[in-house]
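There are 2 protein chains.
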Amino acid sequence: MIPTITAFESSPDRGQGLARDMRVRWALEEAGQPCDVRLVSFKAMKEPAHRALHPFGQIPTYEEGELVLFESGAIVFHIAQHHAGLLPQDANARARAIMWMFAALNTVEPPILELQTAKFTEGDKPWTGERLPLIKDRIRHRLGELAVRLGEADWLDGAFSAGDLMMVHTLQRLRPSGLLDEYPSLAAYVARGEARPAYKRAFAAQLAVFTGKPPAG
Amino acid sequence: MIPTITAFESSPDRGQGLARDMRVRWALEEAGQPCDVRLVSFKAMKEPAHRALHPFGQIPTYEEGELVLFESGAIVFHIAQHHAGLLPQDANARARAIMWMFAALNTVEPPILELQTAKFTEGDKPWTGERLPLIKDRIRHRLGELAVRLGEADWLDGAFSAGDLMMVHTLQRLRPSGLLDEYPSLAAYVARGEARPAYKRAFAAQLAVFTGKPPAG
Numbered sequence: 001m002i003p004t005i006t007a008f009e010s011s012p013d014r015g016q017g018l019a020r021d022m023r024v025r026w027a028l029e030e031a032g033q034p035c036d037v038r039l040v041s042f043k044a045m046k047e048p049a050h051r052a053l054h055p056f057g058q059i060p061t062y063e064e065g066e067l068v069l070f071e072s073g074a075i076v077f078h079i080a081q082h083h084a085g086l087l088p089q090d091a092n093a094r095a096r097a098i099m100w101m102f103a104a105l106n107t108v109e110p111p112i113l114e115l116q117t118a119k120f121t122e123g124d125k126p127w128t129g130e131r132l133p134l135i136k137d138r139i140r141h142r143l144g145e146l147a148v149r150l151g152e153a154d155w156l157d158g159a160f161s162a163g164d165l166m167m168v169h170t171l172q173r174l175r176p177s178g179l180l181d182e183y184p185s186l187a188a189y190v191a192r193g194e195a196r197p198a199y200k201r202a203f204a205a206q207l208a209v210f211t212g213k214p215p216a217g
Numbered sequence: 001m002i003p004t005i006t007a008f009e010s011s012p013d014r015g016q017g018l019a020r021d022m023r024v025r026w027a028l029e030e031a032g033q034p035c036d037v038r039l040v041s042f043k044a045m046k047e048p049a050h051r052a053l054h055p056f057g058q059i060p061t062y063e064e065g066e067l068v069l070f071e072s073g074a075i076v077f078h079i080a081q082h083h084a085g086l087l088p089q090d091a092n093a094r095a096r097a098i099m100w101m102f103a104a105l106n107t108v109e110p111p112i113l114e115l116q117t118a119k120f121t122e123g124d125k126p127w128t129g130e131r132l133p134l135i136k137d138r139i140r141h142r143l144g145e146l147a148v149r150l151g152e153a154d155w156l157d158g159a160f161s162a163g164d165l166m167m168v169h170t171l172q173r174l175r176p177s178g179l180l181d182e183y184p185s186l187a188a189y190v191a192r193g194e195a196r197p198a199y200k201r202a203f204a205a206q207l208a209v210f211t212g213k214p215p216a217g
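Residue numbers (UniProt numbering), protein chains in the order written: chain A, 1 to 217; chain B, 1 to 217.
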C-alpha cells in the first residue's frame, strides 16, 4: 500500500527543503518506498478536515490504510521500523539510533526553534536585536557538545541511521544563520547527509512543488 | 539485570517531580521494574565521566549492561518496548502511542521550554515582562489544540500509554504558571496521570532524594 503524506502547497522556505515533510520524504527514499503527496494550503491546514489528521494543524501527516500519523519523528520512526536501511538490527545499536532521533528533536531543535520564533514571530519587537545573540549562544552550547560527541566519525553511532537523518535535518535549519559554519565538523556532517542519493531525490521532489517543474531524471 | 538511572543530587524543583528522571522512574514503575538510582551533582554532570554517558551533560541516563541511553523520550521508549503496560500490542495503536510521545516532546514541550528559559535565563532582562504574555499565548495555542483532540476522553488514544506519560509530565511543568488551569480538561488529564499508583510511587521516590527521607510505605 502506497502511503500518502502531506506537504505545504506553498513552501515558506521556497523549496530549500527545511519543512518537515522533507524528513519523511528522505526516510521514504532511504527505504526505497514510493509515496503519494497531497499538498495543503495554510488555510486548509487549519480546517477541520486536516485537523482530523493533525490536531495541531501542521504538515506532514502520513496515511497508510487505517493508520494516520502526524509528527515527523513518529512518521520517520514508523517507516524505519517497517523497512530496512534506517535502523540497525542489533538491539542496543537500534536503541541508540532511536535515542539520537529524540536528541535531535528534544535537545538540539528547541533552541533552534527559539531562534526561528524570535526572527519570524518577534522580529518586529524592540528587544529582538539584543536577544538574538543570547539565543545563538544557547545554540552554540548545544552544537559544541554535539561536535565533541561526533568527533571525527561520519555518523553519530556507526552506520547512517534515522537518528542521523533527524539530526542532519534539524541542523540544516541553522545554515541561514551562519552558526553551522562555526562548527566545521558539523557542517561536514550535514554535507554528508545531503550527499546521499536518497536525500537528493527527496530534495528534488520537494523543490519541484515550489518550482512547478517535475524533478529531473 | 537491574538498570541504573541518574537523577539530580540536588533537585532544582525541590522535589516537585518536574525533572526528567521522573519520566523514567514513572515508566519503570508502570512496567513493574526496579532500578538503581545514582545521584549526580550539577558539577559532576558537566565532567567527562558523565558526559561519556550523556554528551549534553544532563540527567537522566540509563545504563543496562552494555547499553547506555540518554534522552528521557528514548529511555521511556526502550522501557516501553521491553515491558508490558506502556504500549498497545495492536500495531497501529502502538504507532499512535509513539506518535504522542513525539508530540509531547517536539510540539507541546518547546513553547513550555521557552517559558522556562525566559523566566530563568532571561528573567533579569528588561524585555522579559513584555515577552511572557507572548510566550504564554503560544503555549495557549497548543493547549487549545490538544484539548480539542483529547475531548472528553481519559487518555489521548484509548488506554493509558507512554504517550500519555510523556504528555502528562510535559504539561505538569505548566502548573506554576497557572496556564494549565485555564484548560480544565487538560488539568483533569494531568490529575488522572498523577492518580496512577505507579506515578505516586515514582513521585515519592524522587521526593525522597530531596527530603532525605525514604519513601513511606
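Errors might be hidden in some of the hints.
Here are the computed lysine-lysine pairs in the DSBU-like style, where the Cα-Cα straight-line distance is at most 30 Å [unchecked claim]: (1) A:K43 - B:K136; (2) B:K136 - A:K46; (3) B:K125 - A:K136; (4) B:K46 - A:K136; (5) A:K119 - A:K46; (6) B:K213 - A:K136.
Just some of the chain B residues that point at chain A, by a computed CB distance under 10 Å [unchecked claim]: (7) G73; (8) P88; (9) A91; (10) T107; (11) E109; (12) I135; (13) I139; (14) R140; (15) R142.
What the hints contain is simulated information worked out from the structure, not anything from laboratory work. Heads up, the beta-carbon is just placed ideally off N, CA and C, and yes, glycines get one too.
A quick look at each hint next to the structure:
1. A:K43 - B:K136: Holds. A:K43 to B:K136 sits at ~24 Å (cutoff 30 Å).
2. B:K136 - A:K46: holds, 20 Å
3. B:K125 - A:K136: holds, 16 Å
4. B:K46 - A:K136: holds, 20 Å
5. A:K119 - A:K46: This hinted pair holds, its Cα atoms lying about 23 Å apart.
6. B:K213 - A:K136: violated, 42 Å
7. G73: holds, 4 Å
8. P88: violated, 13 Å
9. A91: Result: holds, 8 Å to nearest chain A Cβ.
10. T107: holds, 6 Å
11. E109: With a minimum Cβ separation of about 7 Å from chain A (threshold 10 Å), the hint on B:E109 holds.
12. I135: holds, 9 Å
13. I139: With a closest approach of 12 Å, the B:I139 hint is violated.
14. R140: violated, 13 Å
15. R142: It holds, given that the least Cβ distance between B:R142 and chain A is near 7 Å, below 10 Å.
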